[in-house]
Every structure is written in structure tokens, then in C-alpha cells.
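Chains as they are written, first to last, in this note's numbering: chain G, 1 to 407; chain H, 1 to 419.
Just so you know, the hints here were simulated from the structure itself, not pulled from any lab data.
The beta carbon of each residue, even a glycine, is placed where N, CA and C say it ideally should be.
One thing to keep in mind: the hints can contain errors.
Straight line, CA to CA, 20 Å or less: simulated DMTMM-like cross-link-like pairs of lysine to aspartate or glutamate [said to hold, decoys possible]:
{"#": "1", "chain 1": "H", "residue 1": "K182", "chain 2": "G", "residue 2": "D57"}
{"#": "2", "chain 1": "H", "residue 1": "K182", "chain 2": "G", "residue 2": "D34"}
{"#": "3", "chain 1": "G", "residue 1": "K291", "chain 2": "H", "residue 2": "E307"}
{"#": "4", "chain 1": "H", "residue 1": "K294", "chain 2": "G", "residue 2": "E289"}
{"#": "5", "chain 1": "H", "residue 1": "K2", "chain 2": "G", "residue 2": "E289"}
{"#": "6", "chain 1": "G", "residue 1": "K291", "chain 2": "H", "residue 2": "D303"}
{"#": "7", "chain 1": "H", "residue 1": "K321", "chain 2": "G", "residue 2": "E14"}
{"#": "8", "chain 1": "H", "residue 1": "K374", "chain 2": "H", "residue 2": "E73"}
{"#": "9", "chain 1": "G", "residue 1": "K233", "chain 2": "G", "residue 2": "D107"}
{"#": "10", "chain 1": "H", "residue 1": "K108", "chain 2": "H", "residue 2": "E66"}
{"#": "11", "chain 1": "H", "residue 1": "K2", "chain 2": "G", "residue 2": "E323"}
Computed footprint of chain G on chain H; a stretch qualifies when at least three of its residues, placed anywhere within it, have a C-beta under 8 Å from a C-beta of chain G [stated by the list, open to error]:
{"#": "12", "segment": "29-36"}
{"#": "13", "segment": "175-185"}
{"#": "14", "segment": "275-282"}
{"#": "15", "segment": "297-304"}
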Amino acid sequence: MNIQQNTVSENNFEQCIKCTICTVYCPVAAVNPDFPGPKQAGPDGERLRLKQPDFFDSALKYCLNCKRCEVACPSNVRIGDIIQSARIKYGPKKNTSLRNYVLANTDLVGSLSTPFAPVVNTAVSLKPVRYMMDKVLSIDHRRVFPKYAHGTFTSWYKKHAAAEQAAFPKQVAFFHGCYVNYNHPQLGKDMIRIMNALGYGVQLLDKEKCCGVPLISNGLYQQALKQAKVNLKSIRRAVNERGLDIITTSSTCTFTLRDEYPHVLSLGNDDVRERIELATRYIYRLLQEGKASLKFKDTTPLRVAYHTPCHMEKMGWAYYSIELLRMIPGVEVIVLDSQCCGIAGTYGFKKENYPTSQAIGEPLFRQIEASGADLVVTDCETCKWQIEMSTSKSCEHPLSILASRLA
Amino acid sequence: MKFDTVIIGGGLAGMACGIRLAEAGRRCAIVSQGQSALHFSSGSFDLLSRLPDGTAVEDPIRGMAELAPVAPEHPYVRIGVERCGDYALQVPEMLRKAGIPVVGDCRKNHYRITPMGKAKATWLTMDAYLRAEEPGRLPFQKVCIVNVEGFLDFYPEFIAEEFRAYGVTSRFGSVNFPDLEKIRQNPSEMRSANIARVFDHERNLEALAVRIREVAADSEAVILPAILGIDRNDAFETLRKKVDMPLYLLPTLPPSIPGIKAQQALQARFRALGGEYFLGDSVLSADLENDRVKRVYTANHGDMPFEADSFVLATGSFFSKGLLASPDRIVEPVFDVDTLFTPDRSEWYTLHFFDKQNYQAFGVVTDASLRLFKEGRLIENLYGAGAGLAGFYPVQEGCGAGVSLLSAFYVADTILNSK
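With the hints as constraints, model all of the structure from the sequences given.
Quick look at the structure:
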């Protein structure tokens, strides 16, 4: 009998030796003393909560879910997962805040906004509107809103791309996520252009919902679970019936589909997890194995600074995006220190978090300004908003840089 | 992913090896399962403080020459005393280039002071930390030991008591500010790193200087726990200028600020030389062909392996899970290479905690080049470095950091000379 195997607790919780290394690397604990840090909020608090659920501490809401504690932990304790699971298990059951509902429901808000994008974009950039949102919704007036696209990616795809994509002999499926669909369809188009140049056609999933990350962080767990089930069903059909791999452009969507579903929502995905990956990794693999190649036209010198989003750091996949950038003729890559930008999805939009959010990002903003880079590159859309709002540089996805220089 | 060398383990040994290879132009990757044991560092690096029989060592290199007959498996014996001497001269330069200024001499140990006030023989000590040429010869007669109120990992009374034995009188001073009150909301989190963040702010550093001058009175020097400069490097120097009197740091219980700074500095140096550092990942399996490691697979990278010409195992000892104790044997979990241990489990340890424990000298079996074996067969391109090696007692002999650094240099040179 293997006693150890029979006593392993969820999230490797009993492996914690109280070394406090996680707290050293927690971006929130560094700037906000109201957050007791991942050791206290995670394994230490869990011991108490297991004894008596009343020990649940509302300060757990300050956790960004960046998972940098897990990356730092020498004992493989899933500290971030312990905190998120505790919020689900012991936290308030009803999320009544309208603000959180609006921020979390990216599909709903996106679908309502894209048909009237010019009006919505102008409105949320107006000072009086922002002050009103601040007062009524507690969405900080200093926060710059991402722009909505006039028309979604999926409607464009169905009208203009579907037939052409079907003609390619090799195919891959694309989980576009809310950002590509409602805010920045051009990124989806850029990815299709690259995949086509590599000889692949791009398909959509039968049905795609927001991956659920904003729902999880805003306490709307039942809805997150429902959407996750829809996504997994579509992903399984694509993998099993259509024989397709699933590629993505957002590091957080990817991380959620692969790891948050089983760890936080307790939704098994073992059968398809390895078939879901970031497009940069997929492309890196094709090029590395010599199965395809890319030709470049524009070789104008360009100096880019790569920012590693937190969930990219957790997956360990920044390497692929950075290596792809390095392959582009004329592009010089500076790798910024891997640190949280502070926005953490919807976190930084909230009035009560705004100062923390900006304080966390401060060292990154300083490094970006000092880098001498022409622009910043990253795989996360919310990092992009934060960097563009808080520095003088614009911020692009690695695939947009790559696509813009293709022959 | 293709590299010249893949190093498994990102602590002192792994990084020293990676830096030396990268300095020679090799493309290296380090895969590290979380942050390393450097976060528990004392701010000093030991080379050899005692012989296996407990005799104190004054000259570490001369001490090494006495190891061969009594500790034939000792990594220093494997590497060779002459080579150890050369490497020991090169280590301070490597550390300085990474931005870790150290003082010390490999031909003469000096003494560091622990958070409990004990003097321990050591080789290199980081600048700003209190050191003594002889155990009782401190650079002051009257000292003021300053601590932050509620800080749990530093013990002024114990230190003062040790100092009293050397004829040094100590007075105490305590520090408290509103910003410190804020972190005291969570009393269990009054740890060095959280406190250091408070003093990274100029206004708090200024207030600390004012407070130190108030409490120091007629003291000749001031001692502070290592709670300065986690995000800025100039905190100590800035404070020293403001205080304008001799100021020394002492290490604290973990997490160790000097260790964190050393880890970050070495990692930055490795990256600046073109190295790739994969943090938070674990090697799960390896492909071996014709007695060579071809590639390793990790948790994060799944079916995308790390391929390399050579591999270095620098995963540490039991503490870092580089070695595991099963009921009947000592297991190296990454490659399951052969390990050295006594077959009778009752001989692994004694019930007296502070005694020499046999398990501490267990580790991986190596050849003269520190290459590893599996089922008795040599793996030609797999090397071992650091705490996971067999044949030494890091605590009793005071040689942990030295073994890590010197074995790392030796393995790097062997790899560089092998093609």
C-alpha cells in the first residue's frame, strides 16, 4: 500500500512547508497590505477553513489569480488554485453587484456593443460618462476602455472567409475568444493569414462561449461552469469528429481551457487538453519540425520589447512567442523582466483596485519606458490595454507583427 | 527545443554551471521547479569549515588535501584539490560579475554571525554583512542592535549574549512606523521580504536613519537584520550614508533577502548571457539511447521536448526533492540514476537531531568526471552537480555552497572540453 499516494490532498496542499517564498513573489502583497499574501490566503488559511468555514477571509478577493505564487513555489503547491477554490467553496454565494455582472459577461456586453461600436466607443471615452460609471458602477474613471469593433470576427468569418478556408487540405480550429471577436477581429485575420501561408485552413468551433475567466474571478461560478461545458463539448467535437487541433491567440483563454477547467471548475479535460495550444507554439512547432516555412517581405528594423503575461509565465510558453519574434528578419527582441502588469482582466477596472493595479504595474511601466523599444509585444489582451494606457508605447500581439511582415 | 546543454535545477549549482557555459558561448536552458534553496541563504558561502572528524579548518584548500583518505567519495576529492583551488579563486569574480560583491579568501576562513549570534567559519561573505577574522574579534566594543517591532526572525537578545562572551556590550533599539503597522495587520507575515518593501521607500529609509541615530547613543556601530533592499540595490548604501556610522547587516531566518538578491542576480546574469531560464517547470521523463540522454520532457512543455548534447542534474538534495527517501532506498526522481546509500535503513539517521546524519552524505553515484550511472551503466552525457552529489556532509563540514559552485564549474569545464 502506498500511504503517501492515499493521503495526497487536493492542490498538493499538504506539501507546503511554510517557506514564504510565494509571498515574496506575490505582486499584490508587495503593494497592498490588506492582502495577507498567498501563503496566508492559501495553505495556511485552508487549514483553518477545513476546520471551520467561518475562517474564510474576504481579503481573498484581492488575489489577482496571476499564479506567480505557484511558479515560485519549490514544493509544487497549487497555491493560486487553493485560493480560487476557497472563494468558490466558502465565499459569498450570490454575486449581486451589477458592476461585476457587467464586467464578467463579456459575451453579452460584446454582443450588445459591437453593432453600435462607434457610439459605444465614443460614449465610454467621454469624461462625464466615465464619471457616471465611476459613481454608479464603481468602474474607475481613469481606466481607458478597450474599443469595440464594428461587427464581430465570427460574422466576418462566416461572410468572407469560411468558403476560402475550407479549401485548404490541412485544417486547424481556432478558439478566438472575446477579444478577437468583439474588440480586435484584425488579430484573428492576421492569424488566419499566417496559418494560410503555412498551408493550413482555419475553422471555427461549432459553438464558442467566453472561456469563463472573468466569470470565475467575479464569483459567477455556475455560469462559468455552464460555459465551460459548452466549450468543452465543441472542443471534443472538433478533436474527435473533425480531427482538428485547437489553437488560440490569448494566453489567458488558453490557460483557462487547459488548467482552470480541471483545477478550479473541477471539469476534466484530460482527453483534449494536449490538443489545445497557443498559435505561437503551434507555429513554432511546424517551423521547427521543418513541416512548413514562412517568407518575409518587410525587413525594416524594428525593436520590440516582449512582456510575459502572468498566465504565460505559469504555462512557461513565452519562449515560443519570443523565438517566433526572433525569427522575423529585422526584428530585435528585448525580453522584459517577467512581472505582473497589474490589470489582471477585470480586476484593474474596479474602482477599489485601481491604485493597487497601477502600483503593481509601475516597475514594468518604468522598464518599458527605458527600453528604447519601438513597441511592446505580448500575448494577452488585458496586458495590452494596461500597457497602452499606462505607458507611451503601443502594444501588439506577436502574430500581428509576424503577419505584417509576411511576403 | 534545441540547446547545447540543458540544466535541470536552477539553484546555485545550476546557475553557476549555466553561467560558465554561457560565458563560453554555449546555448543553455535551465529548468527549475520553483525558486531555489538560495532563498534560505545566510549571505555567506562556505567552502570547508570542518573535516569529517570535526576538526576546525583554517585553510580550506589545505583542508581539502586531507579529505582523500577519510572521505574518498567527497566531491572535492573527485574534482581534485588543485582544480578546486583554481575554481575557488575564480568564484568571487563570477559572483561579482553577476552583481554580488563578496569578501573572503579560500586560503583562510573568516567568521560570519548567524541570526542567533553564533560565529561560524565561512569562505565568502557578501558586502555589508558583519564578519570577523577570529570568532571573538568583532570590529567594535559597544554596539547597538536595532530590530523592527514584531519581526519574528531575528533575535537581538541571543546575539547580545553571544557578544557578551567576547567582551562586547550591546544596547537595543526598536523601530516602528505607520507603514510597518500596516504589515503587522497579518502578524504571521512580519517577514523579511515584506519589511524590506517598506524600507524600499525613501521616506521610510530616512525615518529609519533618524531612529538609528536616536537609539545608537554612544555605540561604535549599529547592527540591523537583513531587511533592506528587495527591489532596490542601493538601500544599504543610502542608509549607511544617512546614518554616518559603521553599519552592519546580519542574516535573518528565511526568506533570506541576501539569498533572494543572489538568486535574482545570478538569474539575470545567466539570461544576459543568452541563457533561457524556465521557472516553475519539472522534468517528467527522458529518452535515453545508446547510453546517452537524447531529450527530456517537462510538465509545462508536454510533447515538446528539450533536446541537447549534454544534460546536467543539479536538482539538489532531499530538501529540494532532488533526492527522495523511499522505505528501502534513496531515489533520484528525474532519471532514476544510481544512488549511494547504506542498505540498512536504521543506519540512515540517528535520533539526535544535531548529530551527523548519514543520510546527508547520500547522493548520486558519479565517475571521475561527475557523470551519472543508471543500473550500473555510465550515461555518457549526463552530469551531476551540487547538493545531490554523494559523499559529503554540508552542515557539519560547512561545505554546501563550495560543493555546489566547484562541482558546477568542473562539470561546465568537462562539457566544454568534451568536444
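Subject >> Proposed proximity, E289(G) with K294(H) (alpha carbon, max 20 Å) >> reply: holds (16 Å)
Subject >> Hinted pair K291(G) and E307(H), Cα distance within 20 Å >> reply: Holds, because 18 Å separates the two Cα atoms, which is no more than 20 Å.
**OP:** Measure nothing beyond the straight line between the CA atoms of K2(H) and E289(G); if it is 20 Å or shorter, mark the hint as holding.
**Re:** holds (11 Å)
Subject >> Satisfaction of hint between E323(G) and K2(H), Cα-Cα up to 20 Å >> reply: Within the cut-off at roughly 12 Å; holds.
Subject >> Check of the segment 29-36 of chain H against chain G for coverage (Cβ-Cβ below 8 Å, three residues minimum) >> reply: The restraint on the segment 29-36 of chain H holds, since 4 of its residues have a Cβ under 8 Å from chain G and three suffice.
**OP:** Can you take a look at whether the segment 297-304 of chain H is actually covered by chain G? Rule is 3+ residues, C-beta closer than 8 Å.
**Re:** holds (count 6)
Subject >> Distance restraint between K374(H) and E73(H), which requires alpha-carbon spacing of 20 Å or less >> reply: It holds: about 18 Å lies between the C-alpha atoms, which stays within 20 Å.
Subject >> Pair hint K233(G) and D107(G), alpha-carbon separation not exceeding 20 Å >> reply: holds (18 Å)
Subject >> Outcome, coverage of the segment 175-185 of chain H by chain G - at least 3 residues whose beta-carbon is closer than 8 Å to one in that chain >> reply: holds (count 3)
**OP:** Sort out whether E14(G) lies within 20 Å of K321(H), counting only the CA atoms.
**Re:** Distance of about 15 Å is within 20 Å: holds.
Subject >> Cβ contact check, 8 Å cutoff: the segment 275-282 of chain H against chain G, three residues minimum >> reply: holds (count 6)
**OP:** Sort out whether D57(G) lies within 20 Å of K182(H), counting only the CA atoms.
**Re:** holds (17 Å)
Of the hints listed earlier, there is not a single one the structure fails to meet.
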